[in-house]
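Enquirer: Sequence:
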Amino acid sequence: MSKKQDRAWFVCPQWAELMARHYASDAQAGHALKTTPKVLAKLRARTPVAKSTVLHCLHALARRHDLGAPVTELVVDTRSR
2 MSKKQDRAWF VCPQWAELMA RHYASDAQAG HALKTTPKVL AKLRARTPVA KSTVLHCLHA
62 LARRHDLGAP VTELVVDTRS R
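Taking the working numbering, the leading residue of the sequence shown gets 2, the next gets one more, and so forth.
Worth flagging that the hints you see were computed from the coordinates, not collected in a lab.
Take every hint as true, because none was put in to throw you off.
Each computed EDC-like pair below joins lysine to aspartate or glutamate, with the alpha-carbon atoms no more than 20 Å apart: (1) LYS52 - ASP78; (2) LYS35 - GLU18; (3) LYS39 - ASP27.
Per label pair, the in silico range of CB-to-CB distance: (4) HIS23 - THR73: 13 to 21 Å; (5) ARG80 - ALA28: 30 to 38 Å; (6) ARG80 - HIS32: 28 to 36 Å; (7) TRP10 - ALA63: 15 to 23 Å; (8) ARG8 - ALA42: 17 to 25 Å; (9) PRO38 - HIS66: 15 to 23 Å; (10) ALA33 - ARG80: 25 to 33 Å; (11) ARG8 - ASP67: 29 to 37 Å.
Glycine included, each C-beta is placed from N, C-alpha and C at the ideal position.
Using the sequences and the hints given, assemble the complete structure.
Expert: Okay, structure coming up:
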């Protein structure tokens with residue numbers, strides 16, 4: 002099994018709500034958060050991504066806006082327990 006398949010994948014269920022509250026488009030959010038629209042689309046669709054990607058985006062968002070919850074509480078592990 003490859004390392005990529007062994008990796009844990011994460012989502013942020015509140016991402017779409019957070020983006021709608023602060024940004025009109027993915028292009029505007031991408032520029033503000035210094036990430037690509039492709040990554041933002043994956044987060045909005047709740048497609049699992051690497052934890053570092055989710056944390057990078059959430060920390061960038063938290064520097065600009067109040068998230069209403071700690072960053073670590075917004076990240077959900079998709080592995081079955």
